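Engineer: With chain A held as given, fit chain B onto it using these hints.
Protein chains: 2
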Amino acid sequence: MAIGVFDSGIGGLTVFRTIAKEFPKLDIYYFGDTARVPYGIRSKDTIIKYTTECIDYLVKHYNLEAIVIACNSASSYAIDSLKIKFNLPVLGVIDPGVRAALTTTKTNNILVIGTKATVNSNAYPNKINQISPLTKIYQQACPLFVPIVEEGLFNHKVAETMVKEYLSPYIDKIDTVILGCTHYPLLKETISKLYPDLNLVDSSIAILDDLRNLQITFNESGKRLIHITDKTQSFETLKNILAGNTPFKIVSM
Amino acid sequence: MAIGVFDSGIGGLTVFRTIAKEFPKLDIYYFGDTARVPYGIRSKDTIIKYTTECIDYLVKHYNLEAIVIACNSASSYAIDSLKIKFNLPVLGVIDPGVRAALTTTKTNNILVIGTKATVNSNAYPNKINQISPLTKIYQQACPLFVPIVEEGLFNHKVAETMVKEYLSPYIDKIDTVILGCTHYPLLKETISKLYPDLNLVDSSIAILDDLRNLQITFNESGKRLIHITDKTQSFETLKNILAGNTPFKIVSM
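Residue numbers (the numbering used here), protein chains in the order written: chain A, 32 to 284; chain B, 32 to 284.
Check each hint, because a few of them may be wrong.
To be verified - In silico DSS-like cross-links for lysine-lysine, where the CA-CA straight-line distance does not exceed 25 angstroms:
no.	chain 1	residue 1	chain 2	residue 2
1	A	K80	A	K280
2	A	K188	B	K224
3	A	K195	B	K188
Hints are computed from structural coordinates only; laboratory data are not their basis. All values derive from a computational prediction rather than experimental measurement.
Looking at chain A on its own, in the form it has when it is part of the complex (with noise of 0.2 angstroms):
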């Protein structure tokens, strides 16, 4: 059997690379939703109505034992709908980013970063305040980011300017840093360069302990495909850095 992971496009890689590595002989089918990705720009309503269409295409394909949904702003928004649909385990990145989060910080105060999406969702608020109702949550949607990840600059100056414009009004009151998009992982360099004392939380180690509690069957061939709904030059950008020679098919949607 194997698992599926499903994103809006090709930043959820960095999730299927972590689970990868850690577990050799899985089998993943990763979903990235090319053609119709960011939906952080999307409405509630828009994002579980595409999210469904892509993992109902998983489910009929593959002998699937569990679903990670690597996408925050599906994580936040679709992931109640999913579990009802969908007769399986399905993981998001919010409760373990918040996990790991709560772990971390030493002061109690913590900003969320990722797209409009999940910022207006709460979904990382809400369930960090149901946890820990005294933490103190600030919260900054970076739609720049995006763009520049999947461009290629995460090193290049305008990535600087934009963690600083993002960034710099909560450094002060924060200790830890919800990375929470896809993307962002890729972000973490430049972050810390500027400020080196800020813990940051990447959702794609943090969802591995869940994935063990689930106790899959791990003794599979190691098989890997990569599902996209339209080949962008940003999909070639991103598949080379972080699914290496991993083979990919176009799905029409």
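Structural biologist: Okay, now just chain B, sitting in the frame of chain A:
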């Protein structure tokens, strides 16, 4: 009767605004495919498929006399296919942009800036070479300009940083820039501040001559309606700037 104005998103409202101002009595139906924007990163087949679906909606709902394709990516790839499918005049932004640039340049050295799709299509160089084979043409994809404009950051230093990044290699070589994307007119001020001697060609103005030449019946009521496929925050920002209180409706695609 009436015309349809199509764009992949809301950038085409720059064209809508120009036409609406010039022809106050014309009925104008705008369609922005905001659920599937941006087209500029998508493949040719996907751009043709999406554009055809949207125009089909307009044609079925309104008695159109002509269609304006405000989107450069769609103009680059889909115009021929649209002309075959719909029995109507279909005006793109490429031809008028080329004519205006050739009229404007004194040195016969032109830079075309646009999305990756527009640049990769070679639509502008091909057209310019047909008319003026000795004109030297440079092209530069500027993928960060659209998110910068949609975030309303056109006067922020990030706009200056990226204008310099994209344009500085060409400044000594050219005297005219074709703004090959509907969002770019909102960067005119920043570009002109940095490079005051450059001529900037705005297709939304150049297309007015093509409309006049069609001899449409301009004795209508000046009815306007904006159709979008998703209500996003960027839509609200740019609609207020570009289309004021024009009514809109959401269409599912």
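Engineer: A separate judgement is required for each hint: does it hold in the structure or not?
Structural biologist: Tested hints:
1. Restraint check for K80(A) and K280(A): the C-alpha separation of about 22 angstroms stays at or below 25 angstroms, so the hint holds.
2. For the given pair, K188(A) sits about 21 angstroms from K224(B) by alpha-carbon distance, which is consistent with the 25 angstroms threshold.
3. Using a Cα cut-off of 25 angstroms, the hinted pair K195(A) and K188(B) holds, with the two alpha carbons roughly 12 angstroms apart.
No hint from the list above goes unmet by this structure.
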